[in-house]
Amino acid sequence: MADTLSIAFTNLASPMVLFFALGFLAALARSELSVPEAVGKGLALYLMLAIGFKGGVSVAEAGLSTQLLVTSLAGIALGFAIPVLAHTLLRLTTDLDHATRAAVAAHYGSISVVTFVAATEVVKAMGLVFDGYMVAVMALMETPAIIAGLLLARVSTPAGEGDAAARHETAHETPWGTLAREVFLNGSVVLLLGAFFIGIITGPKGMVAIGPFVDAPFKGILCLFLLDMGLLAARRLRESAGLTLPLAAFGIYMPLIAASLGVVTGTLIGLDVGSVALLTVLSASASYIAVPAAMRMALPEANAAIYLTLSMAITFPFNLVIGIPLYAAVAQMLAG
Amino acid sequence: MADTLSIAFTNLASPMVLFFALGFLAALARSELSVPEAVGKGLALYLMLAIGFKGGVSVAEAGLSTQLLVTSLAGIALGFAIPVLAHTLLRLTTDLDHATRAAVAAHYGSISVVTFVAATEVVKAMGLVFDGYMVAVMALMETPAIIAGLLLARVSTPAGEGDAAARHETAHETPWGTLAREVFLNGSVVLLLGAFFIGIITGPKGMVAIGPFVDAPFKGILCLFLLDMGLLAARRLRESAGLTLPLAAFGIYMPLIAASLGVVTGTLIGLDVGSVALLTVLSASASYIAVPAAMRMALPEANAAIYLTLSMAITFPFNLVIGIPLYAAVAQMLAG
Amino acid sequence: MADTLSIAFTNLASPMVLFFALGFLAALARSELSVPEAVGKGLALYLMLAIGFKGGVSVAEAGLSTQLLVTSLAGIALGFAIPVLAHTLLRLTTDLDHATRAAVAAHYGSISVVTFVAATEVVKAMGLVFDGYMVAVMALMETPAIIAGLLLARVSTPAGEGDAAARHETAHETPWGTLAREVFLNGSVVLLLGAFFIGIITGPKGMVAIGPFVDAPFKGILCLFLLDMGLLAARRLRESAGLTLPLAAFGIYMPLIAASLGVVTGTLIGLDVGSVALLTVLSASASYIAVPAAMRMALPEANAAIYLTLSMAITFPFNLVIGIPLYAAVAQMLAG
Amino acid sequence: MAVSTTLCKRLELIIARPHLQIFAKLFETAGVTGWTAMKTAGGTGTSGIWREDQLTGADEHVVVLAIMDAAAAEAVLEEISTLFARYPGVVSVTDAQVLRPERFSGQPKKADQ
Amino acid sequence: MAVSTTLCKRLELIIARPHLQIFAKLFETAGVTGWTAMKTAGGTGTSGIWREDQLTGADEHVVVLAIMDAAAAEAVLEEISTLFARYPGVVSVTDAQVLRPERFSGQPKKADQ
Amino acid sequence: MAVSTTLCKRLELIIARPHLQIFAKLFETAGVTGWTAMKTAGGTGTSGIWREDQLTGADEHVVVLAIMDAAAAEAVLEEISTLFARYPGVVSVTDAQVLRPERFSGQPKKADQ
Ligand SMILES: Nc1ncnc2c1ncn2[C@@H]1O[C@H](COP(=O)(O)O)[C@@H](O)[C@H]1O
Ligand SMILES: Nc1ncnc2c1ncn2[C@@H]1O[C@H](COP(=O)(O)O)[C@@H](O)[C@H]1O
Ligand SMILES: Nc1ncnc2c1ncn2[C@@H]1O[C@H](COP(=O)(O)O)[C@@H](O)[C@H]1O
Ligand code: NA
Ligand code: NA
Ligand code: NA
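Chains as they are written, first to last, in this note's numbering: chain H, 87 to 422; chain P, 87 to 422; chain A, 87 to 422; chain V, 900 to 1012; chain E, 900 to 1012; chain S, 900 to 1012.
Just so you know, these hints were derived from the structure itself, not from any lab. Since the model is a prediction, treat every value here as computed from it, not as a measurement. Positions of the beta carbon are idealized from the N, C-alpha and C atoms, including for glycine. Any given hint could be a false lead.
Said to hold, decoys possible - The calculated label-pair distances, taken between Cβ atoms and stated as ranges, are:
hint : chain 1 : residue 1 : chain 2 : residue 2 : range
1    : V       : 1008      : A       : 324       : 45 to 53 Å
2    : A       : 152       : H       : 147       : 50 to 58 Å
3    : P       : 170       : E       : 980       : 30 to 38 Å
4    : P       : 147       : H       : 301       : 45 to 53 Å
5    : V       : 906       : H       : 334       : 47 to 55 Å
6    : H       : 96        : P       : 98        : 28 to 36 Å
7    : A       : 266       : S       : 927       : 20 to 28 Å
Turn these sequences into a full structure, and let the hints steer you where they fit.
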């Protein structure tokens, strides 16, 4: 166990984590270093295109097992179960208003692409293998939690408040069409799944064509992106107004709880070690790209500063630095 | 013939076409997926720099034949002939006002760099070779059609209208200096020709230095750019207001007619098969970067939505998916 | 000597210089070619991250010599001496107001990262080697000149003016905290030093991971960036209003004087030839990223057009085209 | 004046970018003939500070500028004040002189749109 | 007021980005002492909807803001109304109080430039 | 009007981007409850022409928009006119009607902050 952990934690001295730390410290110290918004978004698009495509190619090589179906269903189930759990914990430990509570819950039911990408590097460095289709599972886990969040927002509205809210909603409720679009046609879902299917269709031949783009510079681009993430996370933390201690604690224990659910589920459905580790990481991670935009639309009365700070400035750094190696080590012990 | 066609159409399953389709379908389905404007422009700069430079290096290796001169003249002649043809067809089949008609004609006389770049990949995949100087020919074909369009705008103004227009123009006509700059110093002309000459000057030694930048990731970057093009094309199509059926039809038959001119010209002047295919593609393609900006300046009264929708949302997708393999197959049959 | 010079000046036909010339000529001729601001800034971030990291890795391989300390101190001393010299020359030869004079002096005491990067390529092409820690020396030389500039601004204020200025300053002087941040936490200092230390920590293993990102495309990205620099420099030159002949002359002779200081210092402290060449280039180059922003904050009454035009549009092109090979040749003769 | 100008209303709206389509729909329904959204770089308000360099669009704002006649302005303000119960935002209305006033007088659409 | 302010005109122009240099020339000729162009993210008008993420600059707009005295405003409006016959655009003029009014009073240039 | 609006001041400031934090502090101290900075694409003024595509942030401007009540506007203008002795910039103030006026009345902070 000590060995497994110590191998896992060599991650701490990887360029990835170090560049993240550089950004984080720079912003904490109030350096003006910044990555232009368009560049950050471009790097995120690259990472999604590349990880989706590489997953697809590896599925084209390995063939599609029935495991994909089982794992996807498990992933979607986690995407509903985790928000319910998160919502309950938030109700018990914080005094967030009901809309913000539901919105936060949705973030934790969803996933973070960059956390997943960083985890694949750690898992590979530990000598573990994982199934290419885990990328598709990730894409499928991205948005169901949006629905879970909205249902929680409606169910949890207290009686009197509910009437007022009901009146509003008749007038200005977000139309279901808009919501469905956020869930099924969310930009990152479309890009991840699209690139995944293009990888399946073009297979190794496609990899020969665009491998030098999606493969060779991948880790370097991830480092630059993590530098940006570090800057953004620390700035959020510095400027966060409404962050109470119970909320910050939630940002640490919630990923651990969700990870437990994930590692057990992954082991039970019989995934191999690397894939269990990745399902655990997906469970533990919280969205900071796809879900925030959707929540702004669907629950505009929720406090955006809260859910962005929690997922981006608390849970993401925790997962990147401590969570990923920990989850991978546990997965190896349980499923290895 | 069937064989040639079927080889050409393997293009349909290339990552390039698939990423374009992904973007197109995503935007049609109203996904919010988008590429930041600055990133799209950056990718376009990269593609022009790389294709220009690689063309120059291959000329440095092969030596400059007199064919370059003949082909350039042929290309420029096509750049004047095609707008005249297009203008006549538009007058006969649509009720566009005279300024918009002339502006559309100018777009079809010019070329699309990305269509050319995609075609070089298809031509290479078919095992054909082409001359490096075709890049220079492309650059030279980019802007003469702007002049053609302006002449058509003046000539075609009906008597009464003409007087009114004449009066305006005395007051606010675009100065010739501005126009000359658009034609000779247009951004993409300068970058393509500049990179081409730098390729000639630095030759294979230059390629050793920057090959890992202009060569290795080229196809991957093209894929990302085509994803963006798919998004932009489909959004234009969805939002296009003034697009009538005769106009849409023009967007399909005009490239076919221009391609016929191109393939015959290329064969007559004795180009080898790959180069004939590329000259055909240049003839068939319509500008959506260089000419729109120039037309906004020179013919501000023309309806920009019409010419942008036609060249970007109808003709570009048609050429990318169907046109390129078709033209390449025909070129092979005629000149092969 | 003739030989050394002629080898050094093969630099003139390198893709780097040619792309810079392309941008410069295009903008002089009033082409609208331009690189989006976010892309330019992204390329600059890449160059700093890559050069910093590669320097760190090479230190990890070579070990840290005590030379680093000596060279750093020498570099910082140059960063104070050059502004004093520049300030005196400006007072004698121009009629700049005292704030602008101090601000210009600060620019020349600092360094230009891209000039350094271009010089490493020339030095390597000449077959010379240099120490990896020169990157750290560069980072350390970036901002001390800001302090020198501010001290000069205060010292040089003439009596009467000083009183008025003093009154202002009591009310609105830039707080020292802000200044310290500009000096120690300036974005490029943080990124260069941060990437340098990450390179030391991760060493050759880190290079295996992100080498395909920081190494392979490096020269190509430098070319694209220099194209942008050419455009920006020539536009500044064209639009510069207050540029007098004595000022323009200063932009040429000042780097030569500073280079003399640098080459002598480098030789005296016993650096090897490549490193002497680089210290000379650092002395001769003037900042156009880190210092302008700091001066806008600290000396808002200085004329920004003057210092930006001088460093970006006169000294940078001069150094890139003539300075670098000249300094390298002299370094080779003195220290070789 | 040599050119004749007409009095109109200049309405300026500061909202979260993800809500732009909702207000665009409001304008369309109220017969506003046009609007322009402007890019922002940062700001502060009751819910704290924000700046543009964020990955997620959730924390970005736009300033929407729309010129319309007084009748449209009144109708639009009424609608906006209802929307503001759910969507946060800031609105202000200024008098402005315009050329070609007929451009700014649209027809409200029927609610059944 | 403790600080004295002066009444000026705030002119706001929405035009296609490629036409910016034409209107800039107009301002220069009319003696306007300065202007600022602001970035836009999208809009709608009589010719439909547009948004920023387009490759070609042809379909992009800017909002130009210029502060000037009343005399300059009148002259500029007159010129603009002629230009609008050929170049599409929207203009509005608002009263505004400024500091340092001498900054905003320029001299028109002779037509022979 | 069906919705009741209140008269406020709309202050618009054009400054160099590196000075934004200084003016933001001024707003905060004066009790201004919010502001929004808008992106620019270029401009001209007494110190010549500038455009956005510059690497260094030194030569970039922002337009800052802040809505406040008349008392705050007066206080802020006073402060700005002092700052303008050292930091270049342009300011203008316009009357504007707003909804929810209580949003725009803040409390100035003590100088000892
Ligand atoms: N009433 C308006 N208020 C604000 N912006 C407008 C208005 N009308 C038009 N615009 C802007 O001007 C652009 C061109 O208008 P148009 O020529 O009517 O299509 C539109 O896309 C908008 O960005
Ligand atoms: N008084 C104001 N003046 C200008 N912009 C404001 C003002 N108040 C709020 N805003 C803008 O609206 C955004 C949201 O405001 P709030 O909902 O109060 O946090 C702020 O971040 C600012 O960009
Ligand atoms: N009259 C004006 N109207 C609008 N913007 C102005 C005006 N004068 C100056 N500016 C803006 O303020 C910047 C600095 O002005 P200046 O200090 O006069 O060079 C200019 O580049 C413009 O962007
Ligand atoms: Na999760
Ligand atoms: Na063509
Ligand atoms: Na220097």
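Now for the hints, and whether the structure bears them out:
At about 50 Å, the CB distance of residue 1008/V to residue 324/A agrees with the hint of 45 to 53 Å. Restraint check, residue 152/A to residue 147/H: a C-beta distance of roughly 53 Å satisfies the suggested window 50 to 58 Å. Checking the proposed 30 to 38 Å range against residue 170/P and residue 980/E shows it holds: the Cβ atoms sit about 36 Å from each other. Look at residue 147/P against residue 301/H: about 29 Å separates their beta carbons, and that is not inside 45 to 53 Å.
For the pair residue 906/V and residue 334/H, the beta carbons lie near 54 Å from each other, so the given range of 47 to 55 Å is met. Range check, residue 96/H to residue 98/P: Cβ separation about 45 Å, and the 28 to 36 Å hint is violated. At about 22 Å, the beta-carbon gap between residue 266/A and residue 927/S stays in the expected band of 20 to 28 Å.
In summary, the structure is inconsistent with hints 4, 6 from the numbered list given earlier, while agreeing with the others.
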